[in-house]
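Peer 1: Okay, here's what each chain looks like letter by letter:
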Amino acid sequence: MRSRALCPRRPPRPWRPLFNTLAFHTGAVGVTIVFAVPGLWALTASLRAPGLPPPVGVDWLLPSPLAWWNYLRIFEILPLARYLGNSFLVAGLAIPLTVLVASWAGFAMAQLPPRQRHALLALAIVIRMIPLTALWLTRFLVLKELRLIDTLWALLAPVWMGSSPFFVLIFYWAFRRQPAALYEAARLDGMGALGIWASIAMPLARPATAAVSLLTFAQYWSDFMNPLLYLKSDDRYTVALGLRVLQQMDATNWPLLMAGAVVMMLPVLLLLLLVQRAFSPAAERGLSSPAQRGLGSP
Amino acid sequence: MTRSIARTLALCLLTATTLWPWSATAQAPAGRISFMVFGDAAEKAAYEHLVADFTRLHPQIPVTLVHIPGQGDYRKRLGVDFAAGTPADVVLLNYRRYAAFAAKGVLEPLGPALARSRVIKEQDFFPQAMEPFRWQGTLMCLPQNLSSLVVYYNKDLFERAGLPRPADDWTWDDFLHAARVLTRDTRGSGRIDQYGLGTEVSIFRLAPFVWQNGGELVDSTAAPTRLTLDAPAAREAVQWFVELQTKHRVVPDAVEEKAESSESRFLNGRLGMFLNSRRGVPTYRTITSFDWDVAPLPRRRHRAGILHADAYCMPRVTKNKAAAWAFIEFANSLEGQRGVATSGRTVPSLRLLAESPAFLGTDARPRNSRVFLTEIPFIRTVPVAEAWVDVEELAGEELARAYYGRASVDEVIATAIRRAAAAFKR
Amino acid sequence: MALSVGLAFTAYDGLSAPRWNGLDNFRELSADPLFRIAAVNSLVFVALTVPSRLVIALGLALLLQRARRGVGLYRVAVYVPTIVPGVAYALVWLWIFNPRYGPLNLLLERLGLPAPAWLIDHATALPAIAFIALFQIGEGFLVLLAGLREIPENCYHASALDGAGRAATLRHITLPLLAPWLLLLTIRDIIVSAQNTFTPALVMTGGGPYYATLFIPLLMYETAFDRFRFGLGAAMMLLVLGVVGALIWLAYRAAGGFGYEDEV
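Chains as they are written, first to last, in the numbering used here: chain A, 1 to 298; chain B, 1 to 426; chain C, 1 to 264.
The shape of chain A in the complex, shown without the other chains (with noise of 0.2 Å):
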């Protein structure tokens, strides 16, 4: 790695600051409102009546009459109430079933010598590239054999592997960087591996935790292949079916369309603002690889 020992460092210019952070916010800002308003546009759009004639200009305010029974309609057309309790208890017994077996993973991968931790990140990162969509026949297949079709067991599946490589990653990124005394100290304690995984490595790593069950969270919530492949009561449907039945039922009635996308992304976005300090600076660390503390960092 190429690099100097200490270099000095020279001074900044005085008014470079200035001129830096209002740069960087306006850009931010910018960015932020490109990435925002899609959500925006999609609220107002919902607070329409439908059935009226199209709106003439751009709706940047709140339109008027405010339809905001729209939602409760939606949830009179469908059985939406129980499509969301469908797509929580799948999406919240994911949760902790993939934080286990991808800080399993992860935690064992991190205690391997370098050779075979080489290799099984690479097979992490191989099977991440598998298509998705190779797996569904077969997984169809397999899954009607275990008769397992029309269960929301089938929409766990992916659960065992720890529903994504990724995930194991993070949990490996933040085990390599907890410190290899603390683990020592418990070695000698005598405690064994499940010991450690529980009591010291787990706590050290919440952020990752956090960032993890976010992210189950939001792709079991999001799921839309395997729900329509294996589901086929309308009781076992999920949010993402829901939807889909909404729009085949009246594909053009945009605001109670907008309104079922608002009430299936509320909780994913909401999730995420709780969960939204593991990316705050601090936190970062917990994420990082050991590159960092090599060099440089206090």
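Derived by calculation from the structure, the hints in this document are not laboratory data. Every residue, glycine too, gets a C-beta built ideally from N, C-alpha and C. It is possible that part of the hints are untrue.
Some chain C residues flagged as far from chain B (calculated, every beta-carbon gap over 10 Å) [claimed, not checked]:
(1) Ala77
(2) Leu111
(3) Leu113
(4) Pro114
(5) Leu119
(6) Ile120
(7) His122
(8) Val143
(9) Asp226
(10) Leu241
(11) Gly242
(12) Tyr252
Below, a list of computed lysine-lysine pairs in the BS3-like style, where the Cα atoms sit at most 30 Å apart [as the list claims (entries may be wrong)]:
(13) Lys104/B <-> Lys121/B
(14) Lys144/A <-> Lys155/B
(15) Lys247/B <-> Lys155/B
(16) Lys104/B <-> Lys321/B
(17) Lys321/B <-> Lys44/B
(18) Lys247/B <-> Lys144/A
(19) Lys155/B <-> Lys44/B
(20) Lys247/B <-> Lys121/B
(21) Lys319/B <-> Lys144/A
(22) Lys104/B <-> Lys319/B
(23) Lys121/B <-> Lys44/B
(24) Lys104/B <-> Lys144/A
Given the coordinates of chain A, work out where chains B and C should sit on it, guided by the hints.
Peer 2: Structure of chains B and C alone, referenced to chain A:
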């Protein structure tokens, strides 16, 4: 007077004999069965009533209703079910879709059971509904309804425009004239916001017009090998259909259709006429802002309608066949069909019921329900073959290209024929 | 996986037992115009989205890498489209792209710009679907953030001492050190792009207009589950795997291998 008394008596007798065997079923079939249907919310409600009626009479056969809203998804779901070996015990199938299943032998033929039945007889049904469900001579499924394509029209818009009610024998020209009058810019915004006509753009909608003009869709309905839309009569009909958009502009164009579907416009009173089968009635009955009714398809050289029929089918893997048949039998008896007919969803396949006040004489709209019956003798079907699903879909894509002005009629006809040839060969 | 490979050589409709028919499936696919269209569409999509997404993710990571006031909020905003459920995301964009009533076209008209028909126009449908994928760069963004943090401060100090400006720093320090991450992301994106088209295509266009947005996953789904031709679907999948593998190998060679593995 005596005729109606006789008819009512006949009805009563028939109802009595329908109910009679139930009391004599000591060793009755029992067990839970599942029943899979498609349709929108109003249709679903109709089937729920049917199930409730049945369970009242047969409390030992609880029925689970499985409802799939979209027809497209329904087909896929059915395919997945059959592949998994777990289809519902009784499934509703359209005659255009059941060929694939019948050909693979996964359906239990219902003909023998019908022949043995003491409740219903084959002669009770309209032959036009039964025909398509005969596969190589055996009756596979029991049709619950048959409907032709009709024109739903907004009576208020017609009156306001000074148009007369559509006559029973109105022609293509009358039809086009009405559509033109009704296509206007009502808000003065410079853009057309009310269209005279709306229709799904598909071969299925095009077919009756081709037949009315004396043309044919395929060389042989029984064993099709070639699309024959290039013959002059057929081509003329295709041209006329396409020109509704490209020349006369009485239907929404691609952009307008994507913005708001034709059916939605009709429901909101912004469309003069909409082509549909009886399927639309339960939803249209929820309309309160204007009055509507149905009219027959306009005529050309001949009269022709196109069959829409759904039937109750029983998969071969159904375990409790006796219970499933009991349900199918009930659903296609006068009692069973009456319930669903009251929802407006079906034109009953039982002749007696179709001609009774239960279907014709109700106060509910459409008042002119008689139209559905007068069209029956002229109903024709599309080919019932495995390859037809593919052909219909790809020909529909080609038709849409011409309809929305992206290609010429001759070009799409040629492409459709070429692509269909490949599909037929499979 | 092995089952899939085997299936590719049979004619299996799910209802009766599979029938071995050798290379027939592949022969049929090579003659099928729809398959060719779907393959081209998928490749075009990959070509459009993979480089753009990488550039956008990199740009955003560079912009938001330092710990500043409010950066947490901005990062969250960038991540939101990635975490929004696919179906809801597609529906929202379906509304936005609505040619008559959608906010995008209303805005364009207000500004006097041309307002194309987006999802109905054969020429703009695919680009539109590619466009919405450009917002979902959250994962890449996070990975690059992590990668940027790895670059020791010393290197930046050293280059500043040498008098290097921003652009030079970028070219000579940042990018080379990020190379393994960029390669990883490219590979991952190629794979993801090959299949992420399913939900948008299904929800927004159904493959239309006239097959402009027919992608391989959608075609596979229709073939297998609508036409009950699982064998053909499996054959398609094999071909896709082959192409994806080839693309990945190409990317790998172009970048000269991973390098810096021990720092991962």
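Peer 1: Should the label of tyrosine 252/C as a non-interface residue stand, given a Cβ cut-off of 10 Å to chain B?
Peer 2: With a cut-off of 10 Å, tyrosine 252/C remains clear of chain B, as the shortest Cβ separation is near 38 Å.
Peer 1: Minimum C-beta separation from leucine 113/C to chain B exceeding 10 Å: can you confirm that?
Peer 2: At about 17 Å from chain B, leucine 113/C clears the 10 Å cut-off, so the statement holds.
Peer 1: Confirm or reject: alanine 77/C is not an interface residue toward chain B, with every Cβ-Cβ distance exceeding 10 Å.
Peer 2: 30 Å, holds
Peer 1: For histidine 122/C, is the shortest CB-to-CB distance to chain B above 10 Å, so the non-interface label stands?
Peer 2: Non-interface label fails for histidine 122/C: nearest chain B Cβ at 7 Å, not farther than 10 Å.
Peer 1: Would valine 143/C pass as off the interface with chain B, using Cβ distances and a cut of 10 Å?
Peer 2: 36 Å, holds
Peer 1: Hinted pair, alpha-carbon criterion (30 Å max): lysine 121/B, lysine 44/B. Please report holds or violated.
Peer 2: At roughly 27 Å apart (the allowed maximum being 30 Å), lysine 44/B and lysine 121/B satisfy the hint.
Peer 1: Just want to verify: proline 114/C was marked as not at the interface with chain B; is every Cβ pair farther apart than 10 Å?
Peer 2: For proline 114/C, whose nearest Cβ neighbour in chain B is about 14 Å away, the distance exceeds 10 Å, so it holds.
Peer 1: Do the alpha carbons of lysine 155/B and lysine 44/B lie within 30 Å of each other, as the hint requires?
Peer 2: 28 Å, holds
Peer 1: Confirm or reject: isoleucine 120/C is not an interface residue toward chain B, with every Cβ-Cβ distance exceeding 10 Å.
Peer 2: 5 Å, violated
Peer 1: Could you grab the alpha-carbon distance between lysine 104/B and lysine 144/A and see if it respects the 30 Å cut-off?
Peer 2: Holds, because 20 Å separates the two Cα atoms, which is no more than 30 Å.
Peer 1: Does the structure keep lysine 321/B and lysine 44/B at a Cα separation of 30 Å or less?
Peer 2: The hint holds at about 24 Å.
Peer 1: With the threshold set at 30 Å, check whether the alpha-carbon distance from lysine 144/A to lysine 155/B stays at or below it.
Peer 2: Roughly 52 Å separates the two Cα atoms, so the pair is violated.
When held up to the earlier numbered hints, the structure conflicts with 5, 6, 7, 9, 14, 18, 20 and fits the remainder.
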